[in-house]
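Visitor: On the provided structure of chain A, position chain B as indicated by the hints.
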Amino acid sequence: MAEKLTLEIITPEGFSFTETVDELTAPGTLGEFGVLPGHTGFMTSLETGVITYKIGSTSKHITVKSAYAQVANDHILVLADSAEIKG
Amino acid sequence: MPNLRDIRTRITSVTNTGKITKAMQMVSAAKLRRAQNSMLAARPYSNKLFDMLSYISSAVDRESYPLLNLRERKVVELIVLTSDKGLCGAFNTNILKETARLMNELKGEGIKLSIVAVGKKARDYFHRFGVPVRKTYIDFYKNVKYEDAQEIAAEIIESYTNESIDELIIVYNEFKTVLQQTPKRARLLPVEPQSTGGTGGTGDGVLDRFIFEPSEAEILNALLPKYVENQIFRAILESRVSEEAARMIAMENANKNTKELIGKLTLQYNKARQASITTELMDIVGGAEALSQ
Numbered sequence: 001m002a003e004k005l006t007l008e009i010i011t012p013e014g015f016s017f018t019e020t021v022d023e024l025t026a027p028g029t030l031g032e033f034g035v036l037p038g039h040t041g042f043m044t045s046l047e048t049g050v051i052t053y054k055i056g057s058t059s060k061h062i063t064v065k066s067a068y069a070q071v072a073n074d075h076i077l078v079l080a081d082s083a084e085i086k087g
Numbered sequence: 088m089p090n091l092r093d094i095r096t097r098i099t100s101v102t103n104t105g106k107i108t109k110a111m112q113m114v115s116a117a118k119l120r121r122a123q124n125s126m127l128a129a130r131p132y133s134n135k136l137f138d139m140l141s142y143i144s145s146a147v148d149r150e151s152y153p154l155l156n157l158r159e160r161k162v163v164e165l166i167v168l169t170s171d172k173g174l175c176g177a178f179n180t181n182i183l184k185e186t187a188r189l190m191n192e193l194k195g196e197g198i199k200l201s202i203v204a205v206g207k208k209a210r211d212y213f214h215r216f217g218v219p220v221r222k223t224y225i226d227f228y229k230n231v232k233y234e235d236a237q238e239i240a241a242e243i244i245e246s247y248t249n250e251s252i253d254e255l256i257i258v259y260n261e262f263k264t265v266l267q268q269t270p271k272r273a274r275l276l277p278v279e280p281q282s283t284g285g286t287g288g289t290g291d292g293v294l295d296r297f298i299f300e301p302s303e304a305e306i307l308n309a310l311l312p313k314y315v316e317n318q319i320f321r322a323i324l325e326s327r328v329s330e331e332a333a334r335m336i337a338m339e340n341a342n343k344n345t346k347e348l349i350g351k352l353t354l355q356y357n358k359a360r361q362a363s364i365t366t367e368l369m370d371i372v373g374g375a376e377a378l379s380q
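Residue numbers (this note's numbering), protein chains in the order written: chain A, 1 to 87; chain B, 88 to 380.
Hints listed in this document are in silico derivations from the structure and should not be mistaken for laboratory results. Hints should not be assumed to be uniformly reliable.
According to the in silico footprint, chain B covers these stretches of chain A (three or more CB under 8 Å from chain B) [unchecked claim]: (1) 12-20; (2) 29-43.
If you only want the chain B side, here are some residues facing chain A, beta carbon under 10 Å, derived [claimed, not checked]: (3) Leu127; (4) Asp138; (5) Met139; (6) Tyr142; (7) Ala309; (8) Arg321.
Derived DEER-like restraints, expressed as beta-carbon distance ranges [to be verified]: (9) B/Leu157 / A/Lys65: 31 to 41 Å; (10) B/Lys351 / A/Glu84: 26 to 36 Å; (11) A/Glu3 / B/Leu174: 55 to 65 Å.
Using N, Cα and C, we set each Cβ at its ideal position, and we do this for glycine too.
Next up, chain B with everything else stripped away, as it sits in the complex:
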């Protein structure tokens, strides 16, 4: 039976942990709301851009645009989005597991990999397993700017155009609900615009109604990289929302656990206290009896 003081110390320490997790939960909740807002704010742009793109590309010849062109996969670039900080449940584990699975699949097909790690957790993971990483981006989650996504995209698009990579896949946590985030892989390059779902019309008739200035090829060539950077930006925002949601839930659970633990410890403490009082009483009664005989 642990003595009273030990239990008391534990209760204090658990209570303190509880305070921290509670604070973290509230911070995450606030950050989640902010992240969600910026994700929603980015949506109209993405949708319109996608519309515009599908609209134009539905009528052009895929072959003549390197970013639309399918070619044999020899080198695949992977962007892995994880968080910089831990304490967010299975958030990073899920992503890294999914990445490992994907890497195995690709290796099985004899495809070479080139990896871009975003977030400290991805960096550490690849470092630990001795996987060479082409580029690491850390410490920009606090304030995600569009320029950050552009920076990542610009470089990748360049290596895609000069054919040092043949495909780009991004692995990130898709935000479904606050309670559910699922790892998702999305192929960003070559771009695959859906010919349906555009602002209207498919086929060759579309372009006749539009005047392009400069030529449609030039516009499309400029829009395609835009689209890629936008998709990366969106994935980053989504990953950030997922991270905060995961952290909030993890902290909520931690909170629940500390409460439970405190309850148990208090019970134990009271039992121990009562036991010690009983023993003391017995001692006194025993002593008194011995004296009276």
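Extracted from the complex, chain A is given alone in its bound form:
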């Protein structure tokens, strides 16, 4: 699939992160969910946990705390209290 997602993570203390990704999995309050390009618009709260995203076949992880995610037009916006890239 040629289409990609834009993942944007922002925190109040200035951590900001933007990446073009193919696929994303996030820990929603009502269970983990995945987002692929073309997903319908939705808004959800996230548990403290790890967001996993895939670029090609490599997957990477970011830990977020007390976050909200908004998906609209293949753009995922995550507002987190704090976030950290896992090595």
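Guide: Leaving out everything else, chain B in the frame of chain A:
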């Protein structure tokens, strides 16, 4: 005419003061830059959060959310943001004056006040005038963390929800430019999201395009406190930037004044020195003349 030694001592002491103010100015300039950076870094989050919030709340019924709900003002909570340290010009005076004005207005309307003092200057001020303060926060300006704002907000939101307060106003110094900071009051509770200016769309159509998980009510109920704490955090950051800017300018002025004073004193010193030489010469000439007669 003060004697030479007095003037010399004064010049030394003024020079030393000048060194201190100069150092403080430079420290403030560095801190200002840091504070400004963290203020700018916090901006995207605030804006997006506000967008998100306006987006959802434009389509819901205000009545069913306590944080959006307007009610009669009986008790108003005031957060007053001042600095912990002085030597920053009119920074604290402006804020406290504005607070006093606001307090008078509210008292005139027969509204009870509950005050949260942030910064030593606010604490001392209310203490001096015997105003009861509900809570004091001091000593966290050095390293402002988001958790600090959350701590302040959590408690206030709770008392708002159980209706022991009906409105929340924050008084802080708004940072306009390095040269200009103006005291500002902002009403944080009840929350007033603007229905325009959101990420797009108003009215009921908006929500149809979104799936909420959990329900929109739950999300909104969680986002509203977030918004309040974020606004408090922003005000704290802004106040800190204003403080450093005010201090830098105050110190710059102090610097200018010491230079001027040193100039004046040096002139006085030289005059005094010359006068004493002239008197000495006159004495010698007078003595010589007396001898030759």
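Visitor: The structure should be examined with respect to each hint, and the outcome stated for every one.
Guide: Outcome of the hint check:
With 4 residues having a Cβ less than 8 Å from any Cβ of chain B, the segment 12-20 of chain A passes the three-residue criterion, so the hint holds. As drawn, the segment 29-43 of chain A meets chain B at 7 residues by the rule of a beta-carbon pair under 8 Å; at three or more, the given contact holds. With 10 Å as the threshold, the beta carbon of B/Leu127 comes within range of chain A, its nearest partner Cβ sitting at about 8 Å, so the hint holds. Checking B/Asp138 against chain A by beta carbon gives a least distance of about 9 Å; that is within 10 Å, so the hint holds.
About 6 Å separates the beta-carbon of B/Met139 from the nearest beta-carbon of chain A, less than 10 Å, and the hint is met. With a least beta-carbon distance of about 8 Å to chain A, the hint placing B/Tyr142 at the interface is held under the 10 Å criterion. Contact between B/Ala309 and chain A, as hinted, is supported at the beta carbon level, the nearest pair being about 6 Å apart and thus within 10 Å. Because the beta carbon of B/Arg321 sits about 8 Å from the nearest beta carbon in chain A, less than 10 Å, this interface hint is met.
A hinted range of 31 to 41 Å for the beta carbons of B/Leu157 and A/Lys65 is consistent with their spacing of about 32 Å. At about 58 Å, the CB distance of B/Lys351 to A/Glu84 disagrees with the hint of 26 to 36 Å. For the pair A/Glu3 and B/Leu174, the beta carbons lie near 58 Å from each other, so the given range of 55 to 65 Å is met.
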